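Student: What follows is each chain in one-letter form.
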Amino acid sequence: MSPGSGAGCSPIPAKAGIGLRFQHHRAVIEGKPPVGWFEVHTENYMGGGTPLGDLDAIRCDYPISLHGVGLSLGTAEGLDPAHLARIRRVADRVAPVLVSEHLSWSISGGVYLADLLALPMTEEALATVCRNVDQTQGYLRRPILVENPSSYLRFRHSTIPECEFLAAVAARTGCGILCDVNNIYVSAANHGWDAAEYLAALPASAIGEIHLSGHSVRELEGGRMLRVDDHGSRVIPEVWQLYSEALARFGPVPTLIEWDTKLPPLETLLDEAARAQALLDHERKSLGRADAA
Amino acid sequence: MSASHSAVPTLLEVQRALRRSLVEHDDGEAAGYILADGLASEGRLNVYRNTFIGALTTALRLAYPAVHRLVGPEFFEGAARIFIEKEPPRGAYLDEYGSGFPEFLAQFRQAASVAYLPDVARLEWTVSRALHAPDVEALDLSRLVAVDPADHGRIAFVPHPSVGLVQADCPADTIWRAVLAQDDAAMAAIDLGSGPVWLMVQRFATGVEVTRFSKQEWRFANRLCVDQPLQEALDDASGFNASAALAGHLAAGRFTGFRLETAP
Chain A
1 MSPGSGAGCS PIPAKAGIGL RFQHHRAVIE GKPPVGWFEV HTENYMGGGT PLGDLDAIRC
61 DYPISLHGVG LSLGTAEGLD PAHLARIRRV ADRVAPVLVS EHLSWSISGG VYLADLLALP
121 MTEEALATVC RNVDQTQGYL RRPILVENPS SYLRFRHSTI PECEFLAAVA ARTGCGILCD
181 VNNIYVSAAN HGWDAAEYLA ALPASAIGEI HLSGHSVREL EGGRMLRVDD HGSRVIPEVW
241 QLYSEALARF GPVPTLIEWD TKLPPLETLL DEAARAQALL DHERKSLGRA DAA
Chain B
1 MSASHSAVPT LLEVQRALRR SLVEHDDGEA AGYILADGLA SEGRLNVYRN TFIGALTTAL
61 RLAYPAVHRL VGPEFFEGAA RIFIEKEPPR GAYLDEYGSG FPEFLAQFRQ AASVAYLPDV
121 ARLEWTVSRA LHAPDVEALD LSRLVAVDPA DHGRIAFVPH PSVGLVQADC PADTIWRAVL
181 AQDDAAMAAI DLGSGPVWLM VQRFATGVEV TRFSKQEWRF ANRLCVDQPL QEALDDASGF
241 NASAALAGHL AAGRFTGFRL ETAP
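Line order of the protein sequences matches chains A and B.
The first sequence begins at 1 in our numbering and counts up one residue at a time.
The second sequence begins at 1 in our numbering and counts up one residue at a time.
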């Protein structure tokens, strides 16, 4: 697969975007900052009132991507039809350029566990995820992107490396991949994986979006360090480096700066997005030189 | 390792075991499925449990900001953790999570000294529901004009989803406003023994408003909002101008539609 083929997979230009939270709505509506696009959490716009009204205004000026955290694509119990219906209502109203969810599960026994839990990497789980992605794409009448999560545990009976599992979901369902470079870094550090091998196992043609964010390092019992994806700080240099490697492999891909906890002023997010944009521009120039040669 | 762990568990079994670990603190089965790899399974499960409790505590704090201020963060987090484990969410739309929190607080022994807390919580839940209610157009009054006057008594209104009615034994609205405004003088002036209040909550373009009604007006509004035909609500109304009250509800956009009750 040649570098650059991934860019064609996305309906938005390969620019840097920002994860939009309520606290920044007014600043965006009034200031119209120079950023390529915004992504919002689907679950935050399932009601009416001010948030949805703000988003109506914002989407006049920017492409919007809907990023869900509650669908539980890996659940063995079948998707919650009420939640799927809510996602479709938001999508019908917002007309997003992208819709994405996670390679994880959150629901068991009808209880929502409010986190992106790790799946056992088995043929059974792969079949379950593919069935749920098929159902989602059929119901929403559009392809979705599926994101690799950060994980803090692995199961004894897993048989498939996560990167191959994700590639298989894309191959079997036709979904795209939302490659979260920070999550690859976090999981690789937590489990002793090779992040470059992970990137190499993903099909460049399926990459529709990249996520970048900060994470924290927690010291657990016995001095063991665990990296935790909390979206509460700047992207670290090692993740910027991995991002450059991802761009070299996938070509310029729309890239999102995510920040959820300890939300800083919008300017900080714009600063991070500008850094991602510079790397995207650099990659596009390199491609131009390669084409000319 | 127990015999049940020697076979490969199904996805359903793994997910049930992790739910029992996160919600019920029963790590036994889940721990057996997890690679320890330098860190005990319990420590790994704790990372997810902390997010589970933390995310839902945040959802409750956003729905109950005045309760949070009244009891303080430490007490709130402790109460929220017990509530979350007792009544975890049944869906991923968290704006709908927490309806049972006022009743939980009413039964929560450690909160018994703050007698007005459940009333304030019930008001906050109704305000939260109003904030997140779907956008629905108010009833087009020309549709009402088209109804044959002989059928007016059979009109049963559909309330706007942002409209909610709360009855409290203390001035919950005054407490709620004073707490959110951090107005100590207003707080000190509150007479907890001033008797019950009858409140209507509604979202307008400018925000959510909480309005006091008389007991009779509130009963009338409540009957209209629970799908009772207009004639039955009017028959029950006394001590106030019911047609003026109805005109007020219509003008405020408190209904989105109506149907004509068929004769019994």
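Read the hints as simulated data drawn from the structure, not as lab findings.
None of the values given here were measured: they were computed from a predicted structure.
It cannot be assumed that every hint is accurate.
[To be verified] Here are some chain B residues the structure puts well away from chain A; computed CB gaps all over 10 Å:
1. Gln15
2. Gly38
3. Ser41
4. Thr51
5. Phe52
6. Gly91
7. Ala92
8. Arg109
9. His132
10. Pro134
11. Asp135
12. Ala146
13. Ser162
14. Leu260
[Claimed, not checked] Stretch-level coverage of chain A by chain B, calculated; a stretch enters the list once three of its residues show a Cβ under 8 Å from a Cβ in chain B:
15. 21-27
16. 40-48
17. 68-80
18. 152-163
19. 199-206
20. 219-231
[Stated by the list, open to error] So the derived label-pair ranges between C-beta atoms look like this:
21. A/Ala127 <-> B/Leu180: 35 to 41 Å
22. A/Gly174 <-> B/Gly91: 24 to 30 Å
23. B/Pro65 <-> A/Arg224: 33 to 39 Å
24. A/Asp92 <-> B/Gly38: 43 to 49 Å
25. B/Ala185 <-> A/Arg88: 45 to 51 Å
26. B/Asn50 <-> A/Ala292: 50 to 56 Å
27. A/His157 <-> B/Asp184: 37 to 43 Å
28. B/Asp184 <-> A/Leu263: 42 to 48 Å
29. A/Ser233 <-> B/Ala36: 26 to 32 Å
30. A/Val228 <-> B/Ala36: 40 to 46 Å
31. A/Gln23 <-> B/Glu232: 43 to 49 Å
Built from N, CA and C at the ideal position, the CB exists for glycine as well.
Student: Next step is simple, just say for each hint if it's right about the structure.
Tutor: The hints, checked one at a time:
1. For B/Gln15, the shortest C-beta to C-beta distance to chain A comes to about 4 Å, within the 10 Å cut-off, and the non-interface label is violated.
2. Against the 10 Å criterion, B/Gly38 falls within the reach of chain A, whose nearest CB is about 6 Å from its own CB.
3. The beta carbon of B/Ser41 is not kept farther than 10 Å from every beta carbon of chain A, the shortest such distance being approximately 7 Å.
4. The non-interface label for B/Thr51 is inconsistent with chain A: the shortest C-beta to C-beta separation is roughly 4 Å, within 10 Å.
5. With a minimum CB-CB distance of about 5 Å to chain A, B/Phe52 fails to clear the 10 Å threshold, and the non-interface call is violated.
6. Residue placement check: B/Gly91 does not keep its beta carbon more than 10 Å from all beta carbons of chain A (closest about 6 Å).
7. Some Cβ of chain A comes within 10 Å of the Cβ of B/Ala92; the nearest lies about 3 Å off, and the non-interface call is violated.
8. Separation of B/Arg109 from chain A is adequate, the least Cβ-Cβ distance of about 26 Å exceeding the 10 Å criterion.
9. Distance check on B/His132: its Cβ comes as close as 3 Å (rounded) to a Cβ of chain A, failing to clear the 10 Å threshold; non-interface status is violated.
10. Not every beta carbon of chain A lies more than 10 Å from that of B/Pro134, the smallest distance being close to 4 Å; the non-interface claim is violated.
11. Some Cβ of chain A comes within 10 Å of the Cβ of B/Asp135; the nearest lies about 3 Å off, and the non-interface call is violated.
12. No beta-carbon of chain A comes within 10 Å of the beta-carbon of B/Ala146; the shortest separation is about 28 Å.
13. Here B/Ser162 does not stay apart from chain A, with its beta-carbon only about 8 Å from theirs, under the 10 Å limit.
14. Consistency note on B/Leu260: stated as away from chain A, and its beta-carbon is indeed over 10 Å from all of that chain's, at 28 Å minimum.
15. For the segment 21-27 of chain A, the proposed coverage by chain B is not satisfied: 0 residues have a C-beta within less than 8 Å of a C-beta in that chain, short of the threshold of three.
16. Counting residues of the segment 40-48 of chain A whose C-beta lies closer than 8 Å to any C-beta of chain B gives 4; at least three are required, and the coverage claim holds.
17. With 9 residues having a Cβ less than 8 Å from any Cβ of chain B, the segment 68-80 of chain A passes the three-residue criterion, so the hint holds.
18. Only residues whose C-beta sits within less than 8 Å of a C-beta in chain B count toward coverage, and the segment 152-163 of chain A has 6 of them, enough to reach three; the restraint holds.
19. Evaluation of the coverage hint for the segment 199-206 of chain A: breached, as 0 residues show C-beta separations to chain B shorter than 8 Å, against a requirement of three.
20. Coverage of a stretch by a chain is defined here by at least three residues with a beta carbon nearer than 8 Å to that chain's beta carbons; for the segment 219-231 of chain A and chain B the count is 6, and the condition holds.
21. With their beta carbons about 50 Å apart, A/Ala127 and B/Leu180 fall outside the hinted range of 35 to 41 Å.
22. The hint said 24 to 30 Å for the Cβ distance between A/Gly174 and B/Gly91, and at roughly 28 Å that hint holds.
23. Taking 33 to 39 Å as the suggested C-beta distance range, the pair B/Pro65 and A/Arg224 conforms, at roughly 38 Å.
24. Taking 43 to 49 Å as the suggested C-beta distance range, the pair A/Asp92 and B/Gly38 conforms, at roughly 48 Å.
25. Judged by the Cβ atoms, the range 45 to 51 Å given for B/Ala185 and A/Arg88 holds: they are separated by roughly 49 Å.
26. For B/Asn50 and A/Ala292, the hinted distance range of 50 to 56 Å is satisfied, since their beta carbons lie about 52 Å from each other.
27. For the pair A/His157 and B/Asp184, the supplied restraint of 37 to 43 Å is violated, since their beta-carbon distance comes to about 59 Å.
28. At about 29 Å, the CB distance of B/Asp184 to A/Leu263 disagrees with the hint of 42 to 48 Å.
29. In this structure the supplied range 26 to 32 Å holds for A/Ser233 paired with B/Ala36, their Cβ-Cβ distance being about 29 Å.
30. For A/Val228 and B/Ala36, the hinted distance range of 40 to 46 Å is not satisfied, since their beta carbons lie about 18 Å from each other.
31. For the pair A/Gln23 and B/Glu232, the beta carbons lie near 47 Å from each other, so the given range of 43 to 49 Å is met.
Taken one by one, the earlier hints fail for this structure at numbers 1, 2, 3, 4, 5, 6, 7, 9, 10, 11, 13, 15, 19, 21, 27, 28, 30, listed in ascending order.
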